[in-house]
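Residue numbers (my numbering), protein chains in the order written: chain A, 1 to 250; chain B, 251 to 500; chain C, 501 to 750; chain D, 751 to 1000.
Keep in mind the hints are simulated off the structure, nothing from the lab.
Heads up, some of the hints might be wrong.
[To be verified] Okay, the calculated bits of chain A under chain C, using three or more residues with CB under 8 Å as the criterion: (1) 127 to 139; (2) 150 to 164; (3) 178 to 184.
[As the list claims (entries may be wrong)] Far from chain B, some chain C residues (derived; all Cβ distances over 12 Å): (4) 502; (5) 520; (6) 523; (7) 524; (8) 527; (9) 566; (10) 607; (11) 620; (12) 624; (13) 625; (14) 662; (15) 667; (16) 735; (17) 739.
Computed from a prediction, not measured in an experiment: that's the story for all the values here.
We put the beta carbon where it would ideally sit given N, CA and C, even for glycine.
There are 4 protein chains.
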Amino acid sequence: MDPLRVTVWNEWRHEQRDASVAAIYPDGIHGAIAGALREHSPGGVVVRCATLDEPDHGLPAEVLAATDVLVWWGHAAHDEVSDEVAERVQDHVLRGMGYVSLHSAALSKPTRRLLGTSCVLRWREADDRELLWAIAPSHPIARGVPPVVVIPRHEMYGEPFDIPEPDELVFISAFSGGEVFRSGCCYRRGAGRVFLFSPGHETDPIYAQPEIRLILANAVAWAAGERQLGPPPSLHNAPSGWFESGDAGG
Amino acid sequence: MDPLRVTVWNEWRHEQRDASVAAIYPDGIHGAIAGALREHSPGGVVVRCATLDEPDHGLPAEVLAATDVLVWWGHAAHDEVSDEVAERVQDHVLRGMGYVSLHSAALSKPTRRLLGTSCVLRWREADDRELLWAIAPSHPIARGVPPVVVIPRHEMYGEPFDIPEPDELVFISAFSGGEVFRSGCCYRRGAGRVFLFSPGHETDPIYAQPEIRLILANAVAWAAGERQLGPPPSLHNAPSGWFESGDAGG
Amino acid sequence: MDPLRVTVWNEWRHEQRDASVAAIYPDGIHGAIAGALREHSPGGVVVRCATLDEPDHGLPAEVLAATDVLVWWGHAAHDEVSDEVAERVQDHVLRGMGYVSLHSAALSKPTRRLLGTSCVLRWREADDRELLWAIAPSHPIARGVPPVVVIPRHEMYGEPFDIPEPDELVFISAFSGGEVFRSGCCYRRGAGRVFLFSPGHETDPIYAQPEIRLILANAVAWAAGERQLGPPPSLHNAPSGWFESGDAGG
Amino acid sequence: MDPLRVTVWNEWRHEQRDASVAAIYPDGIHGAIAGALREHSPGGVVVRCATLDEPDHGLPAEVLAATDVLVWWGHAAHDEVSDEVAERVQDHVLRGMGYVSLHSAALSKPTRRLLGTSCVLRWREADDRELLWAIAPSHPIARGVPPVVVIPRHEMYGEPFDIPEPDELVFISAFSGGEVFRSGCCYRRGAGRVFLFSPGHETDPIYAQPEIRLILANAVAWAAGERQLGPPPSLHNAPSGWFESGDAGG
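This is chain A alone, in the form it adopts within the complex (with noise of 0.2 Å):
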């Protein structure tokens, strides 16, 4: 099988301006991203990484229809993503694209596009430590992972997150402060399968992890699915009979 075609895209804003974040991502927040996708893809991997203030986000159609997963980091930025490459990104998961939101990211455009809800949630930064349950241990994006994963300390988000009832829900977190969040949780839309994983505040040194690292590429695994990109979705007018002559194409 042809090696996945995963396009990693970041905001790449924290690591430029903040001393802190560039030196936990010296090759920034996709860096870290593409490095554990390589690192646990023994099909292979093919990994180009996008970021925002890149001519049309970095993501022209052309580069979204050679992408069988694409991978969102945002954050600080949401308002700047056009809505144009938003709604590109929303078209391309329903033709059959992987889409995986990391982090604020359910926040971002192309995320509250696909999903139809506010995506808010509770929030806090401060010491708490997250411990980020495996309640689907069967599930693809769960292979090989513990059943706790503890990240000593992590940006709190907490329910009620404002998401439609996940189609699987694979991690549930709790935090030293007491809350608990969904979050891993899958969804499909379209053709395409989406994945909303929580992790990946900028200050805390998360996707060097090895447990995250796997979970990621266990994500745009599962994410990829058929790795077919369908025609843009339309409207069909079917006449009576159509699917009679044996030749059922449409």
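Model the placement of chains B, C and D on the given structure of chain A, informed by the hints.
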């Protein structure tokens, strides 16, 4: 309990342009729907109508704020609905307003925004008979509805229908041409309930049919849910221990 | 509307054997639950209690036939429940009776039969504090319930919890030891509604806590659904054209 | 990857009693299914067959322990399947074995145990044509399957079908008599995947039809999931801090 407050929105274009539609719906499609709701609402209902060509399409914020359930019928002019009003509808659904999307309104801006998919489908205007099967006969929306409702003549809507997996699937239709369609689909979005119901082509007197009128009333009663309009969804910052005081109002 | 008819089933063993449990529940766990339902039922409720050691465990067919919602508390004697009564409960749920499964009743015969899974979980009797989060605050079962209910001390139930994906997930709990649990889960089975609610260990006065009492009453009201007990499910032979006569009663 | 290990279980009664069925399935229904799997399994498949009248119905524990996916065809003798074997099948599914339930096996003991409902339906043996619509064309089970598969003549199975809401609904069928049926339903139960597929009446050569053979192979590949048979589900006692040591194996 106070009477249910329903707003019926209609494009109101076909009835004004096409004498054959006006003959079927002399009071507009909205008038027929309003009549069905009044006929079947033992607890009482206050119905307001709103149409495309009014200012704000008849749906300024104060109208939606006083609406328990919004019924939406649109077909030929989805693009003329402003993004602002579509977003306003979506926001009110997330805050708890019910929403019933009829027939071609699957393709309307509010419905697509709430579901996140294209909602495209196969269609045919011909002489199909539609059989509407109540596959969840114990669902409140099927209360009093016979196992199958025969719609003598109706536009065909066929699968694949590009929608998320419904939270509850209540009706499936079969057409004499052979196609099938998920014709009654329930979703929860934020604090609101959404019901998609496909019958209602403008050239067939669907909304005069007794069983369909009952279903409309049942759907509105179901979609009303808790009848609580919450505040707009927003991010909450929650300091450590915010709930420890015994005043967990946040 | 007629008062809701609720049957509260309890093993009633701990209270008789263990003075410390009897001190918490002098009228039995069933008595405390019955009290909670009466306290919160504005529309009126008629509560009957039934226990393991009665003939037919207090649940002959005529009792279930007159029950809108059955509440089940069991813990130490699941195996002593006869298969016949477990099947009878299942059959009545499929016909439309509501069913609320409390605490360790997740492992009871009726609950396992209805869900199809083992319902096993992680557990610990220690000094955990449980935080019960209403993740679906607009759900009828969460009506009037604060965002988080603090249970000062409770047995820990932790994931993975071997249940089917809930149709609606209403509560998630966090324990001070770090574990999480899907503590309030809704299912539809046949014409009946099922709610699993995990709080209720016999050595902690859970059912005296006001918020928990409110949740019990909300759960029973929700599980009542349409309050229609249909005939036993059966295969229907349907001759061609059976519904064409206009008498689609079948 | 090792070849998939599939066990095809068949009552094998109709073929031995009824010459017209034997003429359609000279190698038994199990033989036809096995042939379909071999024909469409590029990765290789090892098929074993098992039948009702063998000791333990051909399904002793060691056979199930070496089975990635069990395919079940039953019709006339559901009651002759021992509870012990039905429970064994259920247990193995919860541990990770895939399970494909064909045609009337919806009413078999293992299927009913896994779903928790009666699985009853409307039926008719007549001259209906069945149209099998792929409503989720991007699902792995629909891979390569045309939008509609025409089954020239088949027993009618009609709604309401007493099953839990499927986790993923892949096929809906329409019959020329007018009925509809959810004919391809996916469930997750424990670590296992379950697929119900309704085509397969013994007097029609359904399993010789190329599209159906492809669907069978796709279904088995999907149901195989992670191909990991875990230990029997059991309650875990977890002392406080069990995962703190960094050895979160439990």
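Cross-check of the supplied hints:
1. Evaluation of the coverage hint for the segment 127 to 139 of chain A: fulfilled, as 6 residues show C-beta separations to chain C shorter than 8 Å, against a requirement of three.
2. Here's how the segment 150 to 164 of chain A fares: 4 of its residues keep a CB closer than 8 Å to some CB of chain C, so the rule of at least three is met and the hint holds.
3. Counting residues of the segment 178 to 184 of chain A whose C-beta lies closer than 8 Å to any C-beta of chain C gives 4; at least three are required, and the coverage claim holds.
4. With a closest Cβ-Cβ approach of about 16 Å to chain B, residue 502/C is found to remain outside the 12 Å limit, as its non-interface label requires.
5. Non-interface call for residue 520/C relative to chain B: holds, since the shortest CB-CB distance, roughly 27 Å, exceeds 12 Å.
6. Once the 12 Å rule is applied to beta carbons, residue 523/C is consistent with being away from chain B; the minimum gap is 25 Å.
7. With a least beta-carbon separation of about 22 Å from chain B, residue 524/C lies farther than 12 Å from that chain, consistent with its non-interface assignment.
8. At roughly 28 Å from the closest C-beta of chain B, the C-beta of residue 527/C stays outside 12 Å, upholding its exclusion from the interface.
9. Consistency note on residue 566/C: stated as away from chain B, and its beta-carbon is indeed over 12 Å from all of that chain's, at 19 Å minimum.
10. Once the 12 Å rule is applied to beta carbons, residue 607/C is consistent with being away from chain B; the minimum gap is 27 Å.
11. With a closest Cβ-Cβ approach of about 27 Å to chain B, residue 620/C is found to remain outside the 12 Å limit, as its non-interface label requires.
12. Non-interface status of residue 624/C relative to chain B is upheld: no Cβ of that chain comes within 12 Å, the nearest being about 23 Å off.
13. The claim that residue 625/C is not at the interface with chain B holds, since no C-beta of that chain comes within 12 Å of its own (minimum 24 Å).
14. Against chain B, the non-interface label of residue 662/C holds: every CB pair exceeds 12 Å, the least being about 22 Å.
15. Taking the minimum C-beta to C-beta distance to chain B, about 7 Å, the non-interface status of residue 667/C is violated against the 12 Å cut.
16. At roughly 15 Å, the least C-beta separation between residue 735/C and chain B is larger than 12 Å, which holds for a residue marked as non-interface.
17. Interface exclusion of residue 739/C from chain B stands, the closest Cβ pair being 14 Å apart, more than 12 Å.
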